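Undergrad: Use these hints to put chain B onto chain A, whose structure you have.
Read off the chains here:
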Amino acid sequence: MTGILMLLPILDSNSYHTEILATAALYALLALGLNLIVGYAGLLHLGYAAFFGIGAYAYALLNLRLGWPFWAGLPAAGLIAGCSAVLLGLPAIRVRGDYLAIVTLGFGEIARVVATNLESWTGGPNGLMGIAHPAVGQVRFGVEARPYYWLLVILVAATAWACARLRRSRLGLAWLAIKEDELAAGCLGVDPLRMKLLALALGGWVAGLAGCVFAAKQGTITPDSFDFIQSVMILAMVILGGLGSIAGAICGAAILSIAPELLREFSTYRMLLFGLMMVALMRLRPEGLFGNRYQVPNGQSVPGTKRRV
Amino acid sequence: MSETLLWVDRVTKRFGGVVALSQVSFEVRRGSIVSLIGPNGAGKTTLFNCVSGVIRPEEGAIRLFSGGQEELLSGSVPHEVARMGIARTFQNIRLFAGMTVMENVRTGTHVRTQAGLLEAVWPWAGRARQEEHWAFERSSRLLERLGLSAVADRPATALSYGQQRRVELARALASDPELLMLDEPAAGLTRQEKESLMEFLRELRREGLTILLIEHDMKVVMPVSDWVVVLDYGAKIAEGVPKAVQEDPHVIEAYLGAR
Numbered sequence: 000m001t002g003i004l005m006l007l008p009i010l011d012s013n014s015y016h017t018e019i020l021a022t023a024a025l026y027a028l029l030a031l032g033l034n035l036i037v038g039y040a041g042l043l044h045l046g047y048a049a050f051f052g053i054g055a056y057a058y059a060l061l062n063l064r065l066g067w068p069f070w071a072g073l074p075a076a077g078l079i080a081g082c083s084a085v086l087l088g089l090p091a092i093r094v095r096g097d098y099l100a101i102v103t104l105g106f107g108e109i110a111r112v113v114a115t116n117l118e119s120w121t122g123g124p125n126g127l128m129g130i131a132h133p134a135v136g137q138v139r140f141g142v143e144a145r146p147y148y149w150l151l152v153i154l155v156a157a158t159a160w161a162c163a164r165l166r167r168s169r170l171g172l173a174w175l176a177i178k179e180d181e182l183a184a185g186c187l188g189v190d191p192l193r194m195k196l197l198a199l200a201l202g203g204w205v206a207g208l209a210g211c212v213f214a215a216k217q218g219t220i221t222p223d224s225f226d227f228i229q230s231v232m233i234l235a236m237v238i239l240g241g242l243g244s245i246a247g248a249i250c251g252a253a254i255l256s257i258a259p260e261l262l263r264e265f266s267t268y269r270m271l272l273f274g275l276m277m278v279a280l281m282r283l284r285p286e287g288l289f290g291n292r293y294q295v296p297n298g299q300s301v302p303g304t305k306r307r308v
Numbered sequence: 000m001s002e003t004l005l006w007v008d009r010v011t012k013r014f015g016g017v018v019a020l021s022q023v024s025f026e027v028r029r030g031s032i033v034s035l036i037g038p039n040g041a042g043k044t045t046l047f048n049c050v051s052g053v054i055r056p057e058e059g060a061i062r063l064f065s066g067g068q069e070e071l072l073s074g075s076v077p078h079e080v081a082r083m084g085i086a087r088t089f090q091n092i093r094l095f096a097g098m099t100v101m102e103n104v105r106t107g108t109h110v111r112t113q114a115g116l117l118e119a120v121w122p123w124a125g126r127a128r129q130e131e132h133w134a135f136e137r138s139s140r141l142l143e144r145l146g147l148s149a150v151a152d153r154p155a156t157a158l159s160y161g162q163q164r165r166v167e168l169a170r171a172l173a174s175d176p177e178l179l180m181l182d183e184p185a186a187g188l189t190r191q192e193k194e195s196l197m198e199f200l201r202e203l204r205r206e207g208l209t210i211l212l213i214e215h216d217m218k219v220v221m222p223v224s225d226w227v228v229v230l231d232y233g234a235k236i237a238e239g240v241p242k243a244v245q246e247d248p249h250v251i252e253a254y255l256g257a258r
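For the protein sequence lines, the chains are A and B, in the order given.
So for the first sequence, numbering that gives the first Met the number 0 puts the first residue at 0; every next one is plus one.
So for the second sequence, numbering that gives the first Met the number 0 puts the first residue at 0; every next one is plus one.
Isolated chain B, as found in the complex:
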């Protein structure tokens, strides 16, 4: 298999007396889809928050190997992590309510553009104009791919739940990330929407994107994942290819209770 893109190394996070993550380690290989599964409260979202810089782990390190460089994620703040090439979505959709769909997605291009204050104001600044044009084109293409062109100018919160999930996905992709982290992207979707989401994820992987996924629905996880990591009570209890994990007695116990 190919080289490592993300290395989560013995990460521990406590909230007061509760150990949310305990010595969790795994690797995400470049160009693969890795799923993070586990019962509710297992620490999946906490791990996502550690990777994206929203919270800081007490112990351990999270490293990103991007473009031959090694970057330490643990201890960085969210906007620095985004700059390193990681984009994420949220379990409870967090779209910008006061913006249109298009504006939401354009905000995603922020890290890939540079125009500063004077360029933004000065109408004859070449770079700002090129960037705006590029950002608009990129956003339009993403909206088209996700079937959202028709609603581009609607307020984002006026869309259906499934559409909002897709807007959030488009917004994350607009930043042209190396690693895309999706927190329960299939939650609340219809069967059909789930199918097209899975197809889309496979398509993204073919294009070389690496995806880290939190998902509850095994019908989504099993067919799309190259690798599955299982958390329970903040600790990794198993990892492997989907088939092996599915048959792992520890995993079955965690999900169904001791027999």
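Looking at chain A on its own, in the form it has when it is part of the complex:
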């Protein structure tokens, strides 16, 4: 599967298409990361783009100020974003459900406002420019989308694989347990606070990696790439694909990043059609494309289960 996806830009050398593919792969990575937080641990997070931004700014600053190369910046950006997710999570995680959504929304906005106003560090609304592209040996990635696409596919595959392993492990069960019934999970020895922070740390790490690749690919970053709409788009991808599903997160990301491009010929009506598509899909399959039909909303269950991946 990964191999076929890797070949795509060779079979179709249209650089516009490759650019779209790279964007889709970037969103797939972000959707996988957010899926850990929302799909696995059940934390409705509305400020996920902030960690994406923190990763991007982390690499940009490490590169511009300290001259760090991309490959050193990548894990560093992941770590910094992961730690920020935990630090911002500590006060937020004690509230639940709708309230958590509001608190994370607030944090997401604060991060963007800080990036806009801390001009001496972040360049304010103009952002940061001249961020170095990656290089492997003598081969420089440059501005072409193709090498970034390949790198992103590798990152998506590795993340998807790790998520699948996690899901089957005792930690995966513990996440599902706290999502279903926090009290019962606690009485079985699952530490809800710790499991939630772990999900945030991992989700933050993935967003940090994505942010680093994004900054390296663009060469320029500004705060508006990491706004609330971005958080909502990533969340929509996860929900469209089906909460908790790895294949769902990837497909949701692919659909939501490619569909607006395919709809371009309808020009003015583009976003209207896009919106209608989403409403129709959610109406027909509320559990998402790859969601699990374990429980139907009225509490009855359907016998014969599909394994959760």
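All clues stand as given, with none of them false.
DEER-style ranges, computed between Cβ atoms:
1. B:254 with A:277: 56 to 62 angstroms
2. A:105 with B:206: 50 to 56 angstroms
3. A:105 with B:201: 55 to 61 angstroms
4. A:280 with B:68: 55 to 61 angstroms
5. B:91 with A:280: 33 to 39 angstroms
6. B:126 with A:105: 36 to 42 angstroms
7. B:254 with A:90: 48 to 54 angstroms
8. A:192 with B:68: 23 to 29 angstroms
9. A:288 with B:232: 53 to 59 angstroms
Residues on chain A that point at chain B, a partial pick, calculated with CB under 8 angstroms:
10. 161
11. 164
12. 165
13. 169
14. 170
15. 175
16. 180
17. 182
18. 185
19. 186
20. 190
Residues from chain A that keep clear of chain B, each with C-beta distances beyond 12 angstroms, as calculated:
21. 12
22. 102
23. 122
24. 138
25. 219
26. 246
27. 250
Because the hints were derived from the structure by calculation, they are not lab data.
Keep in mind it's a predicted model, so treat the numbers as computed, not measured.
Beta carbons are placed, not taken as given, at the ideal position from N, Cα and C, and that holds for glycine.
TA: Frame of chain A; chain B shown alone:
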């Protein structure tokens, strides 16, 4: 009789102005079945919640003597209590709806396994694999004992009420507890299911497990209990062997009203 496993010492819990528990004390001896009975609203479930760390009593202490160590339960949170060796079920069944029966029971093994993040992801980590194997085996055995093997891969909430009660019991047992607390395990069961539940509880006691039970059905309580504690309006009004409690005038009054 043998030594004390759980010591509830003068526990008081108030909700606003209502005294839910008032200076309740009793002991649970290792290897015994102790039943907590009393009319509705007597404070039985509140006491369970205090022991399992779900709520914190205002006064008094709850101690567990496990493996020669003394642990203070009051003031601990649920996952710490579980780690000390106490497992419980709930009056209104609380199974994980999005999981299969097997997954529900495997979640119970969480406290007895340790694999962390890296071990869970890294496919060649020996310990994680051994643990997964152990957890699966243990869960399978419990499902078999409780007659649930055939439904292991069904969604837990698709089962009948009686079966769901048994899944919850299997899940609690999967954590290999020293003390098993059951909140009305026979409620809603058929006569036959009650019989097999009682047989199962006796079997567990023979294996050395200690059981604390809340139960309304005297036909269940009287034959299986070694000791009965009676609560009424949050206070202990009697305790003793089943026969003595049954004849205690205070208990008869609490259940039937003053004569």
